[in-house]
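Protein sequences appear in the order of chains E and Y. Its first residue numbered 1, the first sequence is counted upward by one per residue in our numbering. Its first residue numbered 1, the second sequence is counted upward by one per residue in our numbering.
For the record, the hints were derived by calculation from the structure and aren't laboratory data. Some hints here could point you the wrong way.
To be verified - With the Cβ distance kept under 8 Å, some of the chain Y side facing chain E (calculated, not the full set):
1. L48
2. P275
3. P279
4. E404
All C-beta atoms in this analysis are idealised placements derived from N, C-alpha and C, irrespective of residue type, glycine included.
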Amino acid sequence: MAMEPYRLTIHELQEKLRQGELTAADAADSIFGRIAAVDERTKSFITVMRETAMVEARKADEAIRSGKGGPLTGIPLAIKDILCTKGVRTTCGSRILQNFIPPYDATVVRKLKDQGAVIVGKTNMDEFAMGSSTETSYYGITKNPWDLERIPGGSSGGSAAAVAADECMASLGSDTGGSIRQPAALCGIVGMKPTYGRVSRYGLIAFASSLDQIGPFTKDVEDCALLLSAIAGYDPMESTSVPIEVPDYRSFVGKDIRGWKIGVPREYFIEGIDPEVLAAVEKSIGVLESLGAERVDITLPHTEYCLAVYYIIAPAEASSNLARYDGVKYGYRSPEAGDLIEMYRKSRSEGFGAEVKRRIMLGTYVLSSGYYDAYYKKASQVRTLIKRDFEEAFRRCDVILTPTSPTPAFRIGEKTDDPLQMYLSDIFTISANLAGIPGISLPCGFSGDGLPIGVQLLAWHFQEGKLIQAASALERNAEIKKRRPAL
Amino acid sequence: MEYETVIGLEVHAQLLTDSKIFCGCSTKFGATPNSHTCQICLGMPGVLPVLNRKVVEFTIKMGLATHCRINPEDVFARKNYFYPDLPKGYQISQFDRPLAEDGWVDVEIDGNKKRIGIIRIHMEEDAGKLVHDEAGPFSYVDFNRTGVPLIEIVSRPDIRSPEEASAYLRRLHEILVYLEICDGNMEEGSFRCDANVSIRPEGADEFGTRTELKNMNSFRNVQRALEYEVKRQQYVIEGGGKVIQETRLWDDAQGTTHSMRGKEEAHDYRYFPDPDLVPVAIDEAWIEQIRATLPELPVEKRERFAREYGIPPYDAGVLTTTRALAEFYEETVRLTGKPKIASNWVMGDVLRYLNEEKRDIQDSPVTPSALAGMINLIEKGTISGKIAKEVFEEMYRSGKGPEEIIREKGLVQITDEDALKKAIEQVLAANPAEVEQYRAGKQKLFGFFVGQVMKATGGKANPALVNELLKKTLSSP
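Bound conformation, chain E alone (with noise of 0.2 Å):
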């Protein structure tokens, strides 16, 4: 019996399209009884968009058969709830916009749908990209399709585990503090964090601009690099976008990588780190090696200030950034108020979440004044001395690599009454994000559980090319056993 479509990549189903073994009807198809036969046990959507959908796959079938398709024509991909799309709700896992209906499409959705992609829904995520495990949603909590007690990680729980759970071919996230990378690790699967300015921001709902990113989730790295390639650039309505010219990031699968050095941060090889996820990762950096890569031990002095400096940091943007749902224009309007001032408190109390609230309190407390040098302007100064770590550090080496997560998936609920627990699960994927560097993570191996582990590269700014290349040389030889989550 040939292969169930929804198992395919990106690569191998445009193959198939482009043969005409394959329609994007059938894909489509394909995918959403594959949606209906396990979403309901992995709750990764939101939104379910099979009518429109249906429509897009019809239409990248005739634009194929008159020879107009390109390499995301007929694609079925999903996409976070924090990413608008045009007069499809988009929540962003708030009850405060269960009812907002975007206007326009984000600059990236737009990207994907001039492509020919087929939009298969929206996913699910922790309310407003807050959380790590996906369980401060307003809509459910996903599960890991490799476990349905675990958490997918988070924020973009619902992303990841969409491609895990072959609900899509691949989908989109978005990575303030390693929301794509973390949840790539625990879900098995590939996701990017690009350059701060790579992806434009425009459409996608502000967490903390300083450091959201959009990126890709994948099933190998070719996906990615293919995904990467279609959503990158310059964008004249964000300001932040930086318009530096878009590689073929596809040509870098697959190059050898001899040479090249390999920077290892003491760092990141602390205690408390799952002693499966140090073996694993430590295998990964033997067969860079055994490929003619050298290991190099670097350092990074500022790694430890990182947690504290973003738990400043995104919350002094966040709270500047949700003050905008107050009920008065669009999403949740409390029944209850009777003046404007209690329109404001009631409508925020009833439509934020515990984790939301706790970081607005947050971010206006260290903007506040009388506080604002000691702890915004503070965080800002040890962000420059953060970043200058990682100049130093790409001086003597070519990627870095570190453990994406320090454990596997843990379980639905084991940390959400401890946030600073919670908080540690990003500790090897924040700095990125500070610095505004690029990272992969990609699978590394396999827990006695059978739970996924991942392993995280960096590079310098705009270098996705070199993460590609390193990824993929990693991929291809790794020699970890091809499975698939049993659902």
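Model the placement of chain Y on the given structure of chain E, informed by the hints.
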């Protein structure tokens, strides 16, 4: 005790760009509510601002015109507060790195020059407008104004009286309008002012506690509000009380100020650099390029007019009130070579007719070339100055040229000696008694005969010639 008044002003001026500061929406005033909006100025989730370059350019212009230092790297900051007319819950403004700093303007009070310092000029976005339904339970929000570019000009506390405040405001207003970066319309809110005011015993070094005054929408109201507030503070202090630091609203109808919010209710705006906008880099080349486009400013123009045209400072002041008026005048002078006569006509009839209809000089039906043509006809003796008044009125009403009107109405001055002699003879024949008296020595009657001749010729007679011929006729029996 004698008190000294200390005033600092914050002026908000809307910039005359076609589109808003961070999106492409129109800035036009008076449109249907919420028709000039998009997802960006409405602060929808996910939108991002992109800076309108014209706003920077206009602000640099104002900075240069007020002798400010232009900072090479300017940072936008978020000013956070909740209000229904502020769709993002924060206003994009500038905080510790504004575009322009440390400037000044000179004002004249009773003929004395006084220099008022400017602390800073920064760019920001305007908020929307609330419309309160007096009858119903709802208020409405119009977001058309949201995102219209503003500059805020903050003065030093150098102002010592309400008159100085008013003079300073007029000077800023004049410069903004001259630069063509603001329409200066106070009623529509294009030019708004808040005032910080305090008093202190004459000779004291420390400032007194200040109040902030808002809601003054005309030069006159600013002066009235300040006068009231100074008196109020004196009254409080002399009554043994203390001035409280607070924001007070001017009530135009009552002619008083009343408390809006106290210091403890003051907002903590939690300013921080806006991460959605990159710092604006302004290099010397850009500044110089803009400097080269600056027009001659009112003060310079005033001095040049007095010097170059030899007209009184008062005339120079009136004629430079707006750039268009100054241009009208200069064009008239260029075409006539008669600066003082041109000044009399422009300041006299031209402005009188326009003011009666509340029209701007740009809309004058009489063009500088038509006016100059008429002045030249007076100079040539084709028409008398008196007839010219009539010609001007007709030019204004019909928009026709002076020659055409003179021809149509037969207003050409009579310089034909025979015709005049005939008229004189008729007048003398009709008034034999007066002729008798004149010849008997009653010289005063000469004016009577001139008047009669003018009347007989419908005012068209050349007055000088009439004088000459009349004298001759009367002295030769």
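Hints versus structure:
Of the supplied interface hints, the one on Y:L48 holds, with its beta-carbon coming within about 5 Å of a beta-carbon of chain E, less than 8 Å. Because the smallest distance between the Cβ of Y:P275 and any Cβ of chain E comes to about 4 Å, under 8 Å, the interface hint for this residue holds. Annotation: Y:P279 was flagged as interfacial toward chain E, and the flag is violated, the nearest CB pair being 10 Å apart, outside 8 Å. A distance limit of 8 Å between C-beta atoms decides the matter here; for Y:E404 the minimum to chain E is near 56 Å, and the interface restraint is violated.
Violated hints, in rising order: 3, 4; the structure is consistent with all others.
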